[in-house]
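Using the sequences and the hints, build the whole thing.
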Amino acid sequence: MAEVTMPRLSDTMEEGTIASWLKKPGEQVNKGDVIAQIETDKATMDLTAFEAGTLQEILAPEGTTVPIGQPVARIGSGSAGSKSGSATAERSAPRPAVAPSPPAEASAPPAAEETGPNTEEARENVAEAAEPTESPSRQDQRPTTAEPPAQSAEAANGKVRASPMARHIAAEHGLDLSRISGSGPQGRVIRADVEAALSAPSAQPPQPAAAAPAPPAAGGDDERVALSQMRRTIARRMAESTRTVPHFFLTTTVDATEMASLRKQINEQMADDGIKITFNDMVVKGVALAIRKVPEVNVSFAEDSVLKHKRVHIGVAVATERGLIVPVVRDVDQKSIGQVARETRDLAERANSGRLQPPDYTGGTFTVSNLGMFGVEQFNAVINPPEAAILAVGAITREPTERDGQIVVRDHMKLTLSVDHRALDGAIGARYLQALKAILEKPMLLLV
Amino acid sequence: MGIVTYRQALHDTLLEEMRRDPAVVLMGEEIGVFEGSYKITAGLLKEFGPDRVIDTPIAEEGFVGAAIGAAMLGLRPVVEIMTVNFSLLALDQMVNHAAKIHYMFGGQSRVPMVLRTPEGGGQQLAATHSQNFSSWYAYIPGLKVVAPATPADARGLLKASIRDDDPVVFLENLALYNTKGEVAGLGDKNGSSADRQLPEDDVVPIGTAAVMKEGSDLTLVGYSRMSVVALEVARRLEKEQGLSIEVIDVRSLRPLDRRTLIESVKKTSRCVIIEEDWYSYGVGAELAATIQEGAFDYLDAPIKRVAQAEVPLPYAKVMEQAALPKAQNLVDTIKSALDASGYRARTTR
Numbered sequence: 247m248a249e250v251t252m253p254r255l256s257d258t259m260e261e262g263t264i265a266s267w268l269k270k271p272g273e274q275v276n277k278g279d280v281i282a283q284i285e286t287d288k289a290t291m292d293l294t295a296f297e298a299g300t301l302q303e304i305l306a307p308e309g310t311t312v313p314i315g316q317p318v319a320r321i322g323s324g325s326a327g328s329k330s331g332s333a334t335a336e337r338s339a340p341r342p343a344v345a346p347s348p349p350a351e352a353s354a355p356p357a358a359e360e361t362g363p364n365t366e367e368a369r370e371n372v373a374e375a376a377e378p379t380e381s382p383s384r385q386d387q388r389p390t391t392a393e394p395p396a397q398s399a400e401a402a403n404g405k406v407r408a409s410p411m412a413r414h415i416a417a418e419h420g421l422d423l424s425r426i427s428g429s430g431p432q433g434r435v436i437r438a439d440v441e442a443a444l445s446a447p448s449a450q451p452p453q454p455a456a457a458a459p460a461p462p463a464a465g466g467d468d469e470r471v472a473l474s475q476m477r478r479t480i481a482r483r484m485a486e487s488t489r490t491v492p493h494f495f496l497t498t499t500v501d502a503t504e505m506a507s508l509r510k511q512i513n514e515q516m517a518d519d520g521i522k523i524t525f526n527d528m529v530v531k532g533v534a535l536a537i538r539k540v541p542e543v544n545v546s547f548a549e550d551s552v553l554k555h556k557r558v559h560i561g562v563a564v565a566t567e568r569g570l571i572v573p574v575v576r577d578v579d580q581k582s583i584g585q586v587a588r589e590t591r592d593l594a595e596r597a598n599s600g601r602l603q604p605p606d607y608t609g610g611t612f613t614v615s616n617l618g619m620f621g622v623e624q625f626n627a628v629i630n631p632p633e634a635a636i637l638a639v640g641a642i643t644r645e646p647t648e649r650d651g652q653i654v655v656r657d658h659m660k661l662t663l664s665v666d667h668r669a670l671d672g673a674i675g676a677r678y679l680q681a682l683k684a685i686l687e688k689p690m691l692l693l694v
Numbered sequence: 005m006g007i008v009t010y011r012q013a014l015h016d017t018l019l020e021e022m023r024r025d026p027a028v029v030l031m032g033e034e035i036g037v038f039e040g041s042y043k044i045t046a047g048l049l050k051e052f053g054p055d056r057v058i059d060t061p062i063a064e065e066g067f068v069g070a071a072i073g074a075a076m077l078g079l080r081p082v083v084e085i086m087t088v089n090f091s092l093l094a095l096d097q098m099v100n101h102a103a104k105i106h107y108m109f110g111g112q113s114r115v116p117m118v119l120r121t122p123e124g125g126g127q128q129l130a131a132t133h134s135q136n137f138s139s140w141y142a143y144i145p146g147l148k149v150v151a152p153a154t155p156a157d158a159r160g161l162l163k164a165s166i167r168d169d170d171p172v173v174f175l176e177n178l179a180l181y182n183t184k185g186e187v188a189g190l191g192d193k194n195g196s197s198a199d200r201q202l203p204e205d206d207v208v209p210i211g212t213a214a215v216m217k218e219g220s221d222l223t224l225v226g227y228s229r230m231s232v233v234a235l236e237v238a239r240r241l242e243k244e245q246g247l248s249i250e251v252i253d254v255r256s257l258r259p260l261d262r263r264t265l266i267e268s269v270k271k272t273s274r275c276v277i278i279e280e281d282w283y284s285y286g287v288g289a290e291l292a293a294t295i296q297e298g299a300f301d302y303l304d305a306p307i308k309r310v311a312q313a314e315v316p317l318p319y320a321k322v323m324e325q326a327a328l329p330k331a332q333n334l335v336d337t338i339k340s341a342l343d344a345s346g347y348r349a350r351t352t353r
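Quick note, the sequences are listed as chains A and B, same order.
The number in my numbering is simply the position in the first sequence, starting from 1, with 246 added.
The number in my numbering is simply the position in the second sequence, starting from 1, with 4 added.
Hints may contain errors.
Claimed, not checked - Only pairs whose alpha carbons sit at most 16 Å apart, straight line, appear in this in silico EDC-like list of lysine to aspartate or glutamate: (1) B/Lys271 - A/Asp550; (2) B/Lys270 - A/Glu549; (3) B/Lys270 - A/Asp579.
It should be emphasised that the hints constitute simulated quantities derived from the structure, not laboratory data.
Right under this line is the structure:
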């Protein structure tokens, strides 16, 4: 009999809610079947069976929230409720390749620390014995559509065993550690493994085909509504940001007249090719080009150091019915504005349907938040940690302005940069805004 | 530049500082007529007389207390305690008085004294005469604690300690006294040239670690005698196996130069710490904690420590040697840290 546990589906996930069970107790389950939908802090995702058999027992009914690693169901070979020894024996036969810790290590006596010279090794054994040993049956419960790798670093509690360095590099590149096989002790994912995965062409996980169901209906008037995982994550991260990140705000006005005319030209010319550029796409592209001019803003504050990001991954805040999420367009500085537009639209559509995967919303280095389409003229955005800055984009308004001694009416757009003062000072923020303004006011630069 | 022993460097530095500043006085057991148990103070009674080289009774609490009082009133006493083991008798004076007076009395008086004392085992002096208490002193805010590994640092840090206005615990090591090294301005003629003026920049600032050797594969951290062992091992592994090991001599335990440690491990992603004190609650624990806090995201393997076996140090020679951390322990531990982070996988395998 195999236990199905709550999988870890994203870096920030600590618990998940069973949105629905697609199989009932007693039903036959094939390997690879989607047996439940799990609502995480970011998206609704499939829980896939890695054992064939009968769904014997549901341990976490719909609507319950369960920490990572906790069993949510049991799959056995017998009928529902069967707990016969034969079923257990049969299930245990096809053990996966990952072996549990050798007994010798697991049983290293704690007394070792009192004896012998230079006892690091004995100590390590004690330390490792104290960690939960791998349970082979749980090994199979990873939520992927692919076969599990021969050796997985995922420990019994659903956490991936990985060195901090490996985590750091994986997060930078939006890689899912649970899909990387570890070559370190006990399958620990180490730097060499992540680097190998990065250089392999198939490093990125395949996109699952299944769409998530519509989010649960919201509560009525004056009713207490339990927080969704997503709402909870937004609450936690935004509170953390305003509590720990000293924000300062810089606002500038961009003359968007030429942007508007360029956008009109592009969209007219390219209408047949289905290309449609929004103001937001132009701002996102401009933001990336301005980062190339003032790379100091493309950093993360890391307590005793500042991490300089070499690549420019722009998060685009998307308001969905379920809440705010920030999918990331990678290497925006390297892509044409048409490509940025296409990718942004695809990400936004998938965000709206809850189909984003962790690589889609991790690893951003700078965020753009746009409320212009709602007529908001100017606002201050909350920084999306660990990024050091976020740009708040306001609506385009027609304003009378002086130009060459004449009063003329021009399109204006207010941009407000929120900056993490721990990482950056006002002058750098100001230089960045200046560079951005220069690019957006001469928008041909976006096409170069 | 000449080659002198650690012992000679200490001797010459005391001599120079006493000539430079008449407020510098020495106190300790058998440091005058007998010229010190380890001959650090040889000849000083003859030159400076009994007012400045004071033989004390065997009463550590008493003469350390006297030194604190003298320091408060303007002298710069350098106290020698025969071994760190006996300094425990004066621990109350150091912890509750020397470390606190400047703070508790509103800054009215500083305590510019130095407590010099050797640590370490390996001399068959048995369990009560072979200990290391670095972490006990380094634990106390209000004290500064240094533990030089080389003759040059012994000189530079002793100068800094004598000139510092706060109490400094200056930890030597019995097994270092006969080690030799290059020291600017010493040893040029007839083994000693103490008459020569030392340039001011040969003072080693308290609170700075030394990168003894640069490297990129692993950071090896030690202090006092273990830094010497670390450097030997790093050089050997470089020659024999092509490993590039960075060696950091902490040399100042309080204040601790955390930045140098963290920056090094950010570069190498792997760290092994070697210390002669006991494993649990030793200096190495603080170093490991510092590194994981500051370089967490850069670690590719757990930080490893090599330390003395957690037993009272045996008298019998083979057992004593078995209990002390040695080069081979360090080599094995370095290998395990490299294995754990795939070093061999990327090179020889």
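Q: Measure nothing beyond the straight line between the CA atoms of lysine 270 of chain B and aspartate 579 of chain A; if it is 16 Å or shorter, mark the hint as holding.
A: violated (28 Å)
Q: Could you grab the alpha-carbon distance between lysine 271 of chain B and aspartate 550 of chain A and see if it respects the 16 Å cut-off?
A: holds (15 Å)
Q: Verify the proposed pairing of lysine 270 of chain B with glutamate 549 of chain A, using a straight-line Cα cut of 16 Å.
A: It holds: about 14 Å lies between the C-alpha atoms, which stays within 16 Å.
The structure shown violates just one earlier hint, number 3.
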